[in-house]
Amino acid sequence: MNTLIYSYKARIILALLIGGVVYFLLLIVENTFRLQPSVLEHYLFITAAVSSILFFSFEEVLVAFRRRQTKIINMIVDALQRISAGDLSVQLPETGAVELRQVSKLTNQIVGNLKADIGKLEKLERVRSEFLANVSHELRTPIFSIQGFIETLIDGAIDDPKVNREFLQKAYEHSERLNTLLNDLIEISRIESGEMRMSFRYFNISEFLKNVVEELHPKAEKKSIKLSAAVDPHELLVLGDKDRLRQVMSNLIDNSIKYTDDGGSVEVGVTELQNSVRVYVKDNGTGIGKEHLGRIFERFYRVDKDRSRKVGGTGLGLAIVKHIVEAHNSRIEVKSEIGKGSEFGFLLKK
Amino acid sequence: MHRHFEDLLEQLRVNLIKMGSIVDEQLDLAFRALHDGDLDATKKVFDTEKKVNDFDNLLDQQVDEIMALEQPVATDLRLVVSAIKMNHELERIGDVAVNIAQRVEPLKNYHDLVQGVALLEMGDVARRMVHDSIDAFIHADAELARRICKQDDIVDEMNRQKFHMVIGEMKKNPDIVEPGAHLIVALKHIERIADHATNIAEDVVFLVDAKVIKHHAADKG
Numbered sequence: 001m002n003t004l005i006y007s008y009k010a011r012i013i014l015a016l017l018i019g020g021v022v023y024f025l026l027l028i029v030e031n032t033f034r035l036q037p038s039v040l041e042h043y044l045f046i047t048a049a050v051s052s053i054l055f056f057s058f059e060e061v062l063v064a065f066r067r068r069q070t071k072i073i074n075m076i077v078d079a080l081q082r083i084s085a086g087d088l089s090v091q092l093p094e095t096g097a098v099e100l101r102q103v104s105k106l107t108n109q110i111v112g113n114l115k116a117d118i119g120k121l122e123k124l125e126r127v128r129s130e131f132l133a134n135v136s137h138e139l140r141t142p143i144f145s146i147q148g149f150i151e152t153l154i155d156g157a158i159d160d161p162k163v164n165r166e167f168l169q170k171a172y173e174h175s176e177r178l179n180t181l182l183n184d185l186i187e188i189s190r191i192e193s194g195e196m197r198m199s200f201r202y203f204n205i206s207e208f209l210k211n212v213v214e215e216l217h218p219k220a221e222k223k224s225i226k227l228s229a230a231v232d233p234h235e236l237l238v239l240g241d242k243d244r245l246r247q248v249m250s251n252l253i254d255n256s257i258k259y260t261d262d263g264g265s266v267e268v269g270v271t272e273l274q275n276s277v278r279v280y281v282k283d284n285g286t287g288i289g290k291e292h293l294g295r296i297f298e299r300f301y302r303v304d305k306d307r308s309r310k311v312g313g314t315g316l317g318l319a320i321v322k323h324i325v326e327a328h329n330s331r332i333e334v335k336s337e338i339g340k341g342s343e344f345g346f347l348l349k350k
Numbered sequence: 001m002h003r004h005f006e007d008l009l010e011q012l013r014v015n016l017i018k019m020g021s022i023v024d025e026q027l028d029l030a031f032r033a034l035h036d037g038d039l040d041a042t043k044k045v046f047d048t049e050k051k052v053n054d055f056d057n058l059l060d061q062q063v064d065e066i067m068a069l070e071q072p073v074a075t076d077l078r079l080v081v082s083a084i085k086m087n088h089e090l091e092r093i094g095d096v097a098v099n100i101a102q103r104v105e106p107l108k109n110y111h112d113l114v115q116g117v118a119l120l121e122m123g124d125v126a127r128r129m130v131h132d133s134i135d136a137f138i139h140a141d142a143e144l145a146r147r148i149c150k151q152d153d154i155v156d157e158m159n160r161q162k163f164h165m166v167i168g169e170m171k172k173n174p175d176i177v178e179p180g181a182h183l184i185v186a187l188k189h190i191e192r193i194a195d196h197a198t199n200i201a202e203d204v205v206f207l208v209d210a211k212v213i214k215h216h217a218a219d220k221g
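Residue numbers (the working numbering), protein chains in the order written: chain A, 1 to 350; chain B, 1 to 221.
Simulated from the structure, these hints should not be mistaken for lab results.
Take the hints with a grain of salt, since some may be wrong.
Claimed, not checked - Derived lysine-lysine pairs resembling PhoX-like cross-links, with alpha carbons at most 20 Å apart:
1. B:Lys-211 - B:Lys-108
2. A:Lys-170 - A:Lys-210
3. B:Lys-108 - B:Lys-44
4. A:Lys-258 - A:Lys-282
5. A:Lys-242 - B:Lys-18
6. A:Lys-350 - A:Lys-258
7. A:Lys-282 - A:Lys-322
8. A:Lys-322 - A:Lys-242
9. A:Lys-350 - B:Lys-18
10. A:Lys-349 - B:Lys-44
11. B:Lys-108 - A:Lys-210
12. A:Lys-258 - A:Lys-335
13. A:Lys-350 - B:Lys-51
14. A:Lys-223 - A:Lys-258
15. A:Lys-223 - A:Lys-282
Claimed, not checked - So the derived label-pair ranges between C-beta atoms look like this:
16. B:Asn-57 - A:Lys-219: 56 to 66 Å
17. B:Arg-32 - A:Arg-190: 22 to 32 Å
18. A:Leu-106 - B:Glu-121: 57 to 67 Å
19. A:Leu-106 - B:Arg-147: 37 to 47 Å
Quantities reported herein were computed from a predicted structural model and do not represent experimental measurements.
Glycine included, C-beta positions come from ideal geometry on N, C-alpha and C.
Between the sequences and the hints, there should be enough to build the whole structure, so can you do that?
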């Protein structure tokens, strides 16, 4: 191909060929429009001129074109070398022949995707490190307490009838807390890894809520809290994973009981909508400040760290609730006002 | 595909899930009744049978309507065909749950014997198979469905072992011939439950992958 383009012989043939084609086209035009022979001469001159321009400029135009493409290819090669060296600030101009424009466009897209993926990985890594730091801290607290009580007992308190039983009881309570924390951790890692399969079934939500409330009555009674279920007696079928939703309700009611003062009230209920039902847990407890509302579903986020530890929270309850509700293609919502109480709710498909 | 047809298929799917939910709970209740010797729970199992039968009729009607009016093809046809078969299997599981509940009364004073044979452990495997097969249908999970099919052999083997165990006990102690006979019947019921769960799982594979695996058809290529 190159030989053909660069040889003079080829260029003369090419110029004559084009000239000939133009000449015949002009003859056709002349016959069609019945033009004067002088006009024909004029067009013959144009034909000769076009052929000459083509003859003399063909190689120069071709060389300029090739030079430009080579420059773009070099730019792409340079960019790819920089990308392979880890430089993602590369942005190629999308110019040149169609194929080169496509290569530049795809290279830019790959760089964009890489940047996004690396950003995600960095965020994940940050979350993982924070999570590990939080887990270590949360595990250490009850372990240190247990160690402290046992050490005191070994050092002689075991023979002191005034404290030995109390210390053992406290060590036991902390071990229970440790157990709850580990269970929650296992639960959340199973949910997040996608290992937990939801078993969706239709069930009677009214009966289900009544049962959950009944199970949690003893806890509420300990704080003289009025725990009630505002449900219709008639059967109301919803689609959901009963066991997981029991966990959701249990976590929400448990939280309400924990953060409601003695003598307060917690109401669990269901409202029927057109294609769904809204399940809610409402209390007249301490409430949550607006600045915390957006973060309470994060793992280990605590509104009041001291109080949370005192009431035995693991800091994972609401994160588990959020995951399970979202696995039901729903969203957990919260309304709260300091001093007036909170209301958590979510929708379930009918 | 027009809206009406889509709605009909969705209703069929929803009703199959509703029927599966009832049967799953009924079976759970039957095994709990057997475990606790709870006659009230037994009554609930009997009462649920009517609901299951109603769904059986409803699904039959829906399938007839879809076939007659819409002539489904491809995936839709597979859903309708699977619905016919799954409906039948679920209805049979409901019947077997009733059969198991009928063993509660004659076996309630032979708790040690029931425990010795580990009848409920075998029941757990079969019940889990039913539970998982319904999950496999809901999530269109052919992988899970294939795993369920493999478990059927485990239940068959358990049935063989436990049958010989009960016969051995009956030979040693002729006083337990009557509860022993009930136990053998219960074992057979559980083995049937596993078979029905396997059939549902095979239907799910057919529905999702368009492959027939029943009677080891997949092995034969």
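For each hint, the structure was consulted:
A distance of roughly 44 Å separates the Cα atoms of B:Lys-211 and B:Lys-108; the hinted pair therefore is violated under the 20 Å criterion. Restraint check for A:Lys-170 and A:Lys-210: not satisfied, since their Cα atoms lie roughly 33 Å apart, outside the 20 Å limit. Annotation: proposed proximity of B:Lys-108 to B:Lys-44 holds, straight-line Cα distance about 17 Å (limit 20 Å). As the CA atoms of A:Lys-258 and A:Lys-282 are separated by approximately 13 Å, the hinted pair is consistent with the 20 Å bound.
With a CA separation close to 14 Å, the supplied pair A:Lys-242 and B:Lys-18 stays within the 20 Å bound. Of the supplied pair hints, the one linking A:Lys-350 and A:Lys-258 is violated, its CA atoms being roughly 31 Å apart against a limit of 20 Å. Only pairs whose Cα atoms come within 20 Å are accepted, and A:Lys-282 paired with A:Lys-322 is accepted, the gap being roughly 17 Å. Using a Cα cut-off of 20 Å, the hinted pair A:Lys-322 and A:Lys-242 holds, with the two alpha carbons roughly 16 Å apart.
Taking the CA atoms of A:Lys-350 and B:Lys-18, the gap is near 11 Å; set against the 20 Å cutoff, the hint holds. Annotation: proposed proximity of A:Lys-349 to B:Lys-44 is violated, straight-line Cα distance about 26 Å (limit 20 Å). With a C-alpha separation of about 30 Å, the suggested pair B:Lys-108 and A:Lys-210 falls outside the 20 Å cut-off, and the hint is violated. Distance hint between A:Lys-258 and A:Lys-335 is fulfilled; the C-alpha atoms sit about 17 Å from each other, no more than 20 Å.
Under the criterion of a C-alpha separation no larger than 20 Å, the hint pairing A:Lys-350 with B:Lys-51 is consistent with the structure, at around 18 Å. For the given pair, A:Lys-223 sits about 9 Å from A:Lys-258 by alpha-carbon distance, which is consistent with the 20 Å threshold. Proposed proximity of A:Lys-223 and A:Lys-282 is supported: the alpha carbons are some 16 Å apart, at most 20 Å. Taken as a hint, the range 56 to 66 Å is violated for the pair B:Asn-57 and A:Lys-219, whose Cβ atoms sit roughly 45 Å apart.
As the Cβ distance of B:Arg-32 to A:Arg-190 is approximately 26 Å, the hint placing it in 22 to 32 Å holds. Checking the proposed 57 to 67 Å range against A:Leu-106 and B:Glu-121 shows it holds: the Cβ atoms sit about 59 Å from each other. In this structure the hint that A:Leu-106 and B:Arg-147 lie 37 to 47 Å apart at CB holds, the actual value being about 41 Å.
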